[in-house]
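Chains A and B, in that order, give the protein sequences.
When the letters of the first sequence are read in order and numbered with the working numbering, they come out as residues 1 to 643.
When the letters of the second sequence are read in order and numbered with the working numbering, they come out as residues 1 to 576.
These are calculated hints, taken from the structure and not from any lab test.
Every value quoted in this text rests on a predicted model; they were computed, and no experiment measured them.
Any given hint might turn out to be false.
[Claimed, not checked] Calculated lysine-lysine pairs in the PhoX-like style (CA-CA distance at most 25 Å, straight line):
id, chain 1, residue 1, chain 2, residue 2
1, A, Lys128, A, Lys472
2, A, Lys629, B, Lys509
3, B, Lys336, B, Lys104
4, B, Lys515, A, Lys246
5, A, Lys248, B, Lys343
6, B, Lys108, B, Lys192
7, A, Lys35, B, Lys236
8, B, Lys218, A, Lys502
9, A, Lys128, A, Lys502
10, A, Lys524, B, Lys343
11, A, Lys246, B, Lys417
12, B, Lys218, A, Lys260
13, A, Lys128, A, Lys470
14, A, Lys120, B, Lys403
15, A, Lys248, B, Lys403
16, B, Lys192, A, Lys248
17, A, Lys428, A, Lys470
18, A, Lys248, B, Lys3
19, A, Lys246, B, Lys97
Here's the letter readout for the chains.
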Amino acid sequence: MAGPRGGGPGGRGQKPLEKPKNVGVTIRRIFSYMKEYKPMIILVVVFIIISALASVIGTSFLKKVIDDCIKPMIDGKTDEGMSKFIKTLTVMSIVYVIGAASTFCYARIMLNISTKALYKIRVDLFTKMEALPIRFFDTHTHGEVMSRYTNDVDTLREMLSNSLASFISAFITVTGVFVMMIYYSWQLTLIVILLFFVIVKLTAFIGSRSGAYFKEQQKNVGRANGYIEEMIEGVKVVKVFCHEQKAKNEFDVINDDLRKAATKANTFASIMGPLMNNLSYIHYAITAIIGGIMAIKGVHTFSGVFTVGTVIAFLQYTRNFAMPIQQISQQFNSVLSALAGAERVLSIIDETPEVDDGYVTLVNAKIDENGNITESDKRTGIWAWKHPHQATGEVTYTKLEGRVEFDDVTFGYEPEKTVLNGITLYAKAGQKIAFVGSTGAGKTTITNLINRFYDVPDGKIRYDGININKIKKADLRRSLSMVLQDTHLFTGTVMDNIRFGKLDASDDDCIKAAKLANAHSFIKHLPEGYNTVITGDGANLSQGQRQLLAIARAAVADPPVLILDEATSSIDTRTEALIEKGMDSLMAGRTVFVIAHRLSTVRNSNAIMVLEHGKIIERGDHDDLIAQKGKYYQLYTGMFELS
Amino acid sequence: MIKKLFPCIKGYEKYTLLTPLVMIGEVGMEVLIPLVMAKIVDVGIEGSGGTSYTVKMGILMVVMACVSMMFGSLGAYFGAKASMGFSKNLRNRLFNKVQDFSFKNIDKFSTASLVTRLTTDVNMVQNSFLMFIKMAFRAPVMLIGALIMAINVKPDLSVVFLVAVPILGLSMVLIMTHAHPRFKLMLERYDKMNSDVQENLIGIRAVKAFVREDYENKKFTTGADLVRRAQVAAEKIVILTQPIMQITMYATIVSVLWFGGNMVIGGDMLIGELSTFITYINQILGSLMMISMIFMMLVISRASMTRIVEVLEEDPDITDDNATDVKVENGSIEFKNVSFSYKESAEEAVLRNIDLKIASGETIGIIGATGSAKTTLISLIPRLYDVTSGEVLVGGRNVKDYKLANLRDEVSVVLQKNVLFSGTIRENLRWGDFEATDEEIEKACEAACADEFINSFPDGYETDLGQGGVNVSGGQKQRLCIARALIKKPKILILDDSTSAVDTATDAKIRKAFKEQLDDTTTIIIAQRISSVKDADRIIVLEDGEIDGIGTHDELLKTNAVYKEVYDSQQKGDED
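Whole structure, please, built from the sequences with the hints as guidance.
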């Protein structure tokens with residue numbers, strides 16, 4: 001995956017124009033994140049208006065100063081000229097200061113609001129992500145979700161902190177200037193309108209051309225980055241096969257294609273600036289010619305007779321008119337792509353979270369002499385399911401034992417492709433159940449159903465006799481512990497990672513668990529022992545060591561049911577033999593589901609299920625299955641292959 | 001640092017030079033145009049020039065604008081050509097450099113970081129480069145040009161710039177120096193926050209299985225809040241730029257109006273000159289802002305530049321320099337008192353005092369616990385790493401005397417962490433030998449027991465593997481990797497735990513095929529299963545970086561405690 005700083009300053013020119021689907025709704029929802037700052041937003045808008053007006057009015061003072069102060073004094077017509085000159089300049093300065101102060105104020109307030117809104121959006125996005133069902137993560141790549149946090153939130157940030165304010169301010173400036181222009185001379189304003197249409201047409205033309213080139217560039221960027229990623233991730237294999245030269249040659253071709261596409265896209269993107277700028281000069285010249293003629297002829301306008309001062313002010317306005325239009329046209333693309341990004345962010349926030357309508361909860365329990373179970377508010381070491389019956393309103397308690405039943409479970413990740421077919425099984429409390437079968441036979445799927453990573457219809461799976469769909473998900477998962485094939489560790493100390501299994505575990509509990517999993521000895525040899533910081537998903541530890549930590553993590557959670565999905569596959573057999581004792585004591589008294597490649601790990605199970613294409617084709621203990629001389633026998637004697 | 005990146009303009013020097021030139025042309029027009037504007041007002045409208053003069057000057061101005069537009073558009077084109085060419089060269093150099101890296105160099109950077117440097121960082125530097133060639137000359141020329149014009153119009157009045165320019169310049173410098181460390185802090189926190197997200201994405205099953213959503217939410221909320229605070233702290237300085245610019249500009253305009261106005265009243269200046277002067281205020285202060293932005297951009301992209309130059313400056317520590325172009329004569333291997341550590345600073349070497357002689361054509365098994373340096377040992381044979389002390393000989397010659405291609409063509413390694421590439425199965429297998437005939441490919445697949453499943457695919461050898469070979473299972477992938485190595489027809493074949501996901505029966509079949517087809521090939525097999533190495537001519541037991549025992553299966557069972565222990569741990573299942 002590319003660096004976390006994906007968008008980066010200046011990286012924005014690289015994106016093709018994406019159109020948001022529903023601008024109105026998206027904008028409204030972004031603003032709903034700033035709802036509580038409503039008075040502040042109104043204040044911001046007021047400040048933006050003041051700042052924009054100040055610059056418009058300030059410019060109009062130019063005319064005033066020249067026409068009403070300086071010119072009369074040249075002609076020597078007036079005696080109070082000097083004081084009027086000073087007064088006008090003072091008013092002008094005050095307007096300017098107010099303008100600059102407003103600029104500062106809106107930027108400062110907006111900074112607060114926009115960063116808080118972004119913070120809320122990020123937290124919302126993350127909280128939502130944590131609540132999404134596993135199915136979501138199956139269908140979205142990490143890179144895809146990650147770019148919601150980096151690119152999309154970043155462009156949104158850009159929009160909130162820059163584009164929005166300059167958009168409003170540009171709009172007001174344009175309107176203000178336009179009104180002043182009409183006031184001074186509607187005749188010359190006609191030219192402005194004409195020019196405006198030229199600009200719009202030109203922008204549309206260049207925009208559509210550059211849009212196509214940007215798409216082409218994006219395609220090439222994707223290809224080059226894909227090649228870079230693949231060849232660098234696999235560079236060791238490249239070297240082993242002496243493929244360096246071939247890789248270099250191939251990359252050269254891809255890279256040059258990228259250069260060609262990028263040159264075109266970039267040329268079109270940056271041609272806009274000089275075009276706009278010089279159009280405004282041409283406009284200026286035309287205005288000057290026509291304005292000059294009008295001034296000489298003394299044409300009447302709304303503001304009275306057309307004078308030299310009018311021409312000068314009007315010319316200044318033509319410059320002021322062009323700049324914000326240029327700004328709007330530049331900002332327009334970034335606002336659109338920010339809105340498109342916001343839509344993608346919101347679409348994750350709108351995803352349906354894991355449904356959890358479970359109401360059976362796990363509570364501390366006491367058992368009195370008669371065997372009645374009651375709830376306790378202290379930690380008793382005994383747990384019970386608190387089951388409020390909706391029909392009768394009565395509450396029953398069932399002791400947490402760890403019995404698991406599957407009743408004719410059929411399941412598929414996609415409706416048309418079933419992975420499990422009519423699975424029926426029964427695990428008594430404390431039994432060890434093993435699943436054996438090829439990749440794709442459905443072993444992991446079974447365990448995914450027990451902890452409700454995926455849901456099945458009511459009544460198909462029962463835990464201690466309770467329909468698992470009725471059990472609150474968090475409580476169900478707390479009563480199960482998993483050691484997965486791919487161990488994922490989190491940034492933090494070794495101790496933190498073990499404590500991941502149970503947040504309130506003491507240091508001693510964690511060390512005890514580590515000893516149980518036989519992880520203690522290697523942890524002691526780490527530079528900082530239990531305080532060694534693990535980074536980058538435990539890149540500084542070997543596969544085997546990470547797996548040992550995962551086992552310790554499960555041990556500290558101390559649940560009645562344990563799921564081991566290829567938990568020891570990365571540990572060599574000698575180490576496995578060493579931790580076997582730990583594993584045995586970890587498994588003692590618990591219901592255990594084991595998935596393993598090595599048949600030696602499963603042979604002492606109470607029951608072994610051989611799975612094929614989602615069906616249990618053989619079941620029984622090791623001796624039964626060997627005696628059956630079926631698939632298991634073949635597997636065990638090495639006559640058949642597991643892949 | 002710049003010196004290292006400079007050669008990347010090769011082939012695009014012309015455009016790199018032309019871009020600032022046409023930009024200066026554009027600036028020239030932009031600076032001259034206000035002068036024409038003044039003439040229009042003073043002579044044409046105000047003065048004696050009349051309509052015909054106004055029209056004449058107006059047309060001149062349109063022509064100048066068109067010239068400026070042409071220069072500007074050329075600037076856009078040349079700039080794009082130069083910067084995209086520059087980044088292409090930069091990417092190429094980086095990519096080639098990485099391809100020349102030794103395993104040690106690669107370990108030092110990590111592949112993920114190398115990918116970032118080739119993508120995000122190059123992008124960043126490319127943008128700064130474009131900004132630089134377009135603006136670094138344009139802005140100062142504009143500043144000086146406009147200043148000269150202003151002085152030309154009215155020297156006395158230009159004194160205001162002596163006050164305004166230093167004030168604005170100093171403010172920009174202060175803002176930047178204060179903002180920079182704050183932005184750095186913000187980026188650090190931002191990276192940390194994103195790595196939290198990434199961790200949660202990768203480990204989502206662990207988070208859910210242990211019901212840690214609330215805990216992670218709290219952690220993220222704290223991180224996001226830290227980012228927010230850092231962002232406010234950094235940007236609240238940057239937002240001062242705009243008002244300071246405005247205040248300076250407005251103050252200058254008012255002063256010019258006052259002093260200039262008085263000059264006009266006194267008859268020392270024309271009205272048109274006054275308004276021209278005001279236009280120059282815009283240009284002068286605007287270009288000053290532009291210069292400070294260029295600095296900002298360079299400062300921001302400095303981190304990326306450093307990261308790129310780090311890669312460019314890294315010397316591949318394994319090269320062909322002292323090699324002669326000889327071929328590997330046979331598959332014999334010898335280790336002479338070899339020690340090795342991955343880092344020079346390491347207290348204890350990973351491999352210590354290895355003395356070992358393997359005859360050509362022998363089959364050797366290597367057994368040892370995780371971390372006993374099995375992989376390290378075999379990595380020294382194709383010179384993936386260089387020994388720290390001692391020497392490794394292949395075919396009777398020190399591995400350092402061979403050209404790498406010659407050596408590695410004869411020593412084929414199937415890596416533990418193996419990779420297939422996007423493309424079809426056949427394309428992937430051809431990696432071993434591009435000239436391989438279809439029969440040779442099929443024969444290798446047969447030996448690696450890969451033919452069965454390949455033929456079961458509807459597209460057979462033309463099946464597309466997808467990026468990283470996602471379309472085949474672990475065991476299938478391993479067998480394809482073995483076949484790929486076989487196609488090379490090496491003198492030495494090394495399998496590093498390459499059949500761990502393959503079942504015992506197939507494993508045995510592969511070994512049998514090896515025996516029959518690769519009789520002359522020295523074969524080294526690293527395995528966890530005793531059954532995989534049992535039939536080898538000799539087995540090496542590695543323990544903690546040292547050779548604990550060498551011998552046949554039966555000998556080791558009798559003499560080697562470690563071997564016996566491993567054997568026992570795997571036999572338990574079979575005895576009852």
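We went through each hint and held it up to the structure:
1. Restraint check for Lys128/A and Lys472/A: the C-alpha separation of about 18 Å stays at or below 25 Å, so the hint holds.
2. At most 25 Å may separate the alpha-carbon atoms for a hinted pair to count; Lys629/A and Lys509/B meet this at roughly 22 Å.
3. About 22 Å separates the Cα atoms of Lys336/B and Lys104/B, which keeps this hinted pair within 25 Å; it holds.
4. The suggested pairing of Lys515/B with Lys246/A is violated, with an alpha-carbon distance near 32 Å, which exceeds 25 Å.
5. At most 25 Å may separate the alpha-carbon atoms for a hinted pair to count; Lys248/A and Lys343/B exceed this at roughly 29 Å.
6. For the given pair, Lys108/B sits about 21 Å from Lys192/B by alpha-carbon distance, which is consistent with the 25 Å threshold.
7. As the CA atoms of Lys35/A and Lys236/B are separated by approximately 22 Å, the hinted pair is consistent with the 25 Å bound.
8. Taken as a hint, the Lys218/B and Lys502/A pair is honoured in the structure, with Cα atoms around 16 Å apart against an allowance of 25 Å.
9. Restraint check for Lys128/A and Lys502/A: the C-alpha separation of about 23 Å stays at or below 25 Å, so the hint holds.
10. Taking the CA atoms of Lys524/A and Lys343/B, the gap is about 22 Å. The hint holds against a cut of 25 Å.
11. Taking the CA atoms of Lys246/A and Lys417/B, the gap is near 22 Å; set against the 25 Å cutoff, the hint holds.
12. A distance of roughly 47 Å separates the Cα atoms of Lys218/B and Lys260/A; the hinted pair therefore is violated under the 25 Å criterion.
13. Restraint check: the Cα-Cα separation between Lys128/A and Lys470/A comes to about 22 Å, which is no more than 25 Å; the hinted pair holds.
14. Restraint check for Lys120/A and Lys403/B: not satisfied, since their Cα atoms lie roughly 59 Å apart, outside the 25 Å limit.
15. Restraint check for Lys248/A and Lys403/B: the C-alpha separation of about 19 Å stays at or below 25 Å, so the hint holds.
16. A distance of roughly 34 Å separates the Cα atoms of Lys192/B and Lys248/A; the hinted pair therefore is violated under the 25 Å criterion.
17. At most 25 Å may separate the alpha-carbon atoms for a hinted pair to count; Lys428/A and Lys470/A meet this at roughly 20 Å.
18. Of the pairs offered as hints, the one joining Lys248/A and Lys3/B holds, with about 24 Å between alpha carbons and a cut-off of 25 Å not exceeded.
19. A C-alpha spacing of about 14 Å is found between Lys246/A and Lys97/B, which places the hinted pair at or below 25 Å, so the restraint holds.
Consistency note: the structure conflicts with the earlier hints numbered 4, 5, 12, 14 and 16.
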